[in-house]
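Asker: Sequence:
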Amino acid sequence: MNKSDQLFSELLYLLHHNAFNALDKISDSNQSESDLLHVRQLIDMVVMLKDKTAGNLSDELNQIQTMMLSELESKYKQKLKTSKNNESAE
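Residue numbers are given in the numbering used here: position 22 of the sequence shown equals residue 22, and the series is strictly consecutive.
Please note that the accuracy of each hint is not assured.
Unchecked claim - Beta-carbon label-pair distances, calculated as ranges:
hint: 1; residue 1: Ser74; residue 2: Ser4; range: 24 to 30 Å
hint: 2; residue 1: Lys3; residue 2: Ala54; range: 17 to 23 Å
hint: 3; residue 1: Glu60; residue 2: Ser34; range: 33 to 39 Å
hint: 4; residue 1: Met67; residue 2: Leu37; range: 21 to 27 Å
hint: 5; residue 1: Gln63; residue 2: Ser32; range: 31 to 37 Å
hint: 6; residue 1: Leu80; residue 2: Ser4; range: 32 to 38 Å
hint: 7; residue 1: Lys52; residue 2: His17; range: 17 to 23 Å
hint: 8; residue 1: Lys81; residue 2: Lys52; range: 28 to 34 Å
hint: 9; residue 1: Val47; residue 2: Met1; range: 19 to 25 Å
hint: 10; residue 1: Thr66; residue 2: Gln6; range: 16 to 22 Å
hint: 11; residue 1: Lys84; residue 2: Asp24; range: 17 to 23 Å
hint: 12; residue 1: Leu80; residue 2: Asn56; range: 29 to 35 Å
These are calculated hints, taken from the structure and not from any lab test.
For every residue, glycine included, the Cβ atom is placed at its ideal position computed from N, Cα and C.
Generate coordinates for the entire structure from the input sequences, incorporating the hints supplied.
Answerer: Have a look at this one:
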């Protein structure tokens, strides 16, 4: 992996790590709309990078990016669903 690919990979890991940490800090019973918005913005950044780099990444980086985005979207949707269920219960 060349230097640019390594830096791009590190950027993806940074965004992924920050989003996962933010999601983990959101307790199921005390979810803040601003916290969910923050996570959505981080996910949107990964989506933007995916769109802007389409066709320009190695297979390895493309797989990393796709996997990270899938993990983030899945966990975000779980937290969002939990948040909506908690609001309905109140």
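Asker: Each hint should be assessed against the structure and marked as holding or not.
Answerer: Going through the hints against the structure:
no., hint, verdict
1, Ser74 with Ser4: 24 to 30 Å, "29 Å, holds"
2, Lys3 with Ala54: 17 to 23 Å, "22 Å, holds"
3, Glu60 with Ser34: 33 to 39 Å, "35 Å, holds"
4, Met67 with Leu37: 21 to 27 Å, "24 Å, holds"
5, Gln63 with Ser32: 31 to 37 Å, "33 Å, holds"
6, Leu80 with Ser4: 32 to 38 Å, "34 Å, holds"
7, Lys52 with His17: 17 to 23 Å, "21 Å, holds"
8, Lys81 with Lys52: 28 to 34 Å, "29 Å, holds"
9, Val47 with Met1: 19 to 25 Å, "23 Å, holds"
10, Thr66 with Gln6: 16 to 22 Å, "18 Å, holds"
11, Lys84 with Asp24: 17 to 23 Å, "19 Å, holds"
12, Leu80 with Asn56: 29 to 35 Å, "31 Å, holds"
In this structure, none of the earlier numbered hints is contradicted; all agree with it.
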